[in-house]
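Start from chain A and add chain B according to the hints.
Quick mapping for you: the protein sequence lines, in order, are chains A and B. Under full-length UniProt numbering, think of the first position of the first sequence as 1, with each following residue one higher. Under full-length UniProt numbering, think of the first position of the second sequence as 1, with each following residue one higher.
These are calculated hints, taken from the structure and not from any lab test. The structure displayed is predicted, hence computed values, not measured ones. Every residue gets a Cβ at the ideal spot worked out from N, C-alpha and C, and that includes glycine. Among the hints, a few may not be true.
Restricting the straight-line Cα-Cα distance to at most 30 Å, the calculated cross-link-like pairs of lysine-lysine (BS3-like) are [claimed, not checked]: (1) Lys-36/A - Lys-283/B; (2) Lys-180/B - Lys-244/A; (3) Lys-265/B - Lys-180/A; (4) Lys-246/A - Lys-36/B; (5) Lys-246/B - Lys-36/A.
Cβ-to-Cβ under 7 Å is the rule here; a few derived chain B residues that face chain A [said to hold, decoys possible]: (6) Val-27; (7) His-28; (8) Asn-29; (9) Ser-67; (10) Trp-69; (11) Gly-117; (12) Ser-120; (13) Ala-122; (14) Leu-178; (15) Glu-221; (16) Phe-230.
There are 2 protein chains.
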Amino acid sequence: MNSAFFSPMDMDQKEKQKEQSSSPIYVHNPHLDALKDDILYHFSLGTGSHNLPAMFGDVKFVCVGGSPWRMKSFTEFIAAELAMEDPKSEYPNICAGTDRYAMYKVGPVLSVSHGMGIPSIAIMLHELIKLLHHARCTDVTIIRIGTSGGIGLEPGTVVVTKQSVDATFQPKFEQVILGKTVVRSTDLDQSLAQELLQCSKGLNQFETVIGNTMCTLDFYEGQARLDGAFCSYTETDKQEYLLKAKEAEVCNIEMESSVFAAMCKLSGLRAAVVCVTLLDRLKGDQLSSSHEVLNSYQLRPQILVGSYIKQQLKAKAENR
Amino acid sequence: MNSAFFSPMDMDQKEKQKEQSSSPIYVHNPHLDALKDDILYHFSLGTGSHNLPAMFGDVKFVCVGGSPWRMKSFTEFIAAELAMEDPKSEYPNICAGTDRYAMYKVGPVLSVSHGMGIPSIAIMLHELIKLLHHARCTDVTIIRIGTSGGIGLEPGTVVVTKQSVDATFQPKFEQVILGKTVVRSTDLDQSLAQELLQCSKGLNQFETVIGNTMCTLDFYEGQARLDGAFCSYTETDKQEYLLKAKEAEVCNIEMESSVFAAMCKLSGLRAAVVCVTLLDRLKGDQLSSSHEVLNSYQLRPQILVGSYIKQQLKAKAENR
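Chain A on its own, in the form it takes in the complex (with noise of 0.2 Å):
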């Protein structure tokens, strides 16, 4: 597979007519054409520093998950699939002038981390979803790739989510603006997550289950923990919220794919969210697992995504 392929630089004509007609990154913000410059602050990119369109217009998948150095062994993991190895194996961070989050990419395929909790991957999902708009990127799909705790999962199992719930079980996202709450849905794109689930049952290599995935604004008392600084609660009190929880057919618990949801689905880009769990919170709330163990386990969601990518862009290929 040749990596100029999914250069927007050899488009034939028809190509182009696609291109025009397909879907781009809309940004919800009529102040921001009055801006010389957009500042991209958390990336240290912007529109008057660098060429976005040149840097980022070929962008076809994006992504993103908590963990620079996850993010980091992602693209790695990914240039091979991809046969699109650098030979000097130098994938350099784009947002290298930062400690913010850390961005690589290889082709058509972006790699983005975002820290961990809603604040943390909003700002970045701000400056992305401005980034792609800028760069005119079209047909994007963007998929997190995170790990979580399980509810009654073996440990190891992956979860595609089907819908993000609050920790009411609610399929909703609370954004405050000028100190009023304004209720987003949290609605993801149900055909992707499908085609995931299939990938996944191609590979064989691991489950992959669909379900309900809790967003919480806290690890510990958030998730019912009892291994906190604090904790007013019981075990047996813990129990029922997760059994709860597992009534509303939660299958795992994290901490961001609701505000991913809501403003991926806001920008018109393809989303979807898959996660490992950890653990099984149902048993335990320590992660004691060896490191090798735990390592194993978030090369997963790398394998299915990976492995969904690649497919699609064979696809792709092959209907040209």
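Chain B only, in chain A's frame:
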């Protein structure tokens, strides 16, 4: 100044008695005693794998900030201030086994990064409070040194927080536990805030004020910025909101102070928040100052807090 001076190893009897009557770090969790080992997962540390009292028992000051680079540079700065430089100038990252947080230590001063936003700092604080508890630390002062947007202040002004307020200007933090909202106080140590203000007056290097700090869950829509991917309000709406904040004595806006204040109060840590303002939000939203200017602003909380710690340690040494 001798680094061994601050070590618990050379305390005389009188000092031991003083230590016994001093303030411990409180965890409020009866379940912790039942844990064989306590794994501080996001620090890659634990009671089974590390001798926490030997590593951290002498800690008297903890400084926390969003950026790992800034917390490393603070460590180098405070080492020079206290004349405790490592001749090889090596400050190893104590959390080198993970990329979630970075941690450095020089004598009695611990420096820890916390990422961006309430959930990210909350995970760090749960594990930090447990670490200080397991290490049997006493009389610990903790200061967040950060960046913020100012309201009606000259950029570069340092704000010592009087009270952390939410997006409706109320001095409270809402913690969700088992799906229910619990309201916590965001009181900070007023005497510590006054001591920091006095220290800055003595330094006389930059403007420092005391005032309320608004803590939001989002950097763009949550802080009434006009330059995010989404914006549904006008410049007039923005100005009205920020002026209402100013009426409520809000001097600056950031994203971590409320949960920091709430958790430190619960655990008996003497806590303060010292943030520099990078811009005046009444005049703009984009961080368009040069990197040199922004970097010089970001040094100011470090200079103030470094000077305060030096003063305190000197006074303590003289009282012995």
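How the hints compare with the structure:
no.: 1; hint: Lys-36/A - Lys-283/B; verdict: holds, 16 Å
no.: 2; hint: Lys-180/B - Lys-244/A; verdict: holds, 13 Å
no.: 3; hint: Lys-265/B - Lys-180/A; verdict: holds, 27 Å
no.: 4; hint: Lys-246/A - Lys-36/B; verdict: holds, 28 Å
no.: 5; hint: Lys-246/B - Lys-36/A; verdict: holds, 28 Å
no.: 6; hint: Val-27; verdict: holds, 5 Å
no.: 7; hint: His-28; verdict: holds, 5 Å
no.: 8; hint: Asn-29; verdict: holds, 4 Å
no.: 9; hint: Ser-67; verdict: holds, 5 Å
no.: 10; hint: Trp-69; verdict: holds, 5 Å
no.: 11; hint: Gly-117; verdict: holds, 3 Å
no.: 12; hint: Ser-120; verdict: holds, 5 Å
no.: 13; hint: Ala-122; verdict: holds, 5 Å
no.: 14; hint: Leu-178; verdict: holds, 5 Å
no.: 15; hint: Glu-221; verdict: holds, 5 Å
no.: 16; hint: Phe-230; verdict: holds, 5 Å
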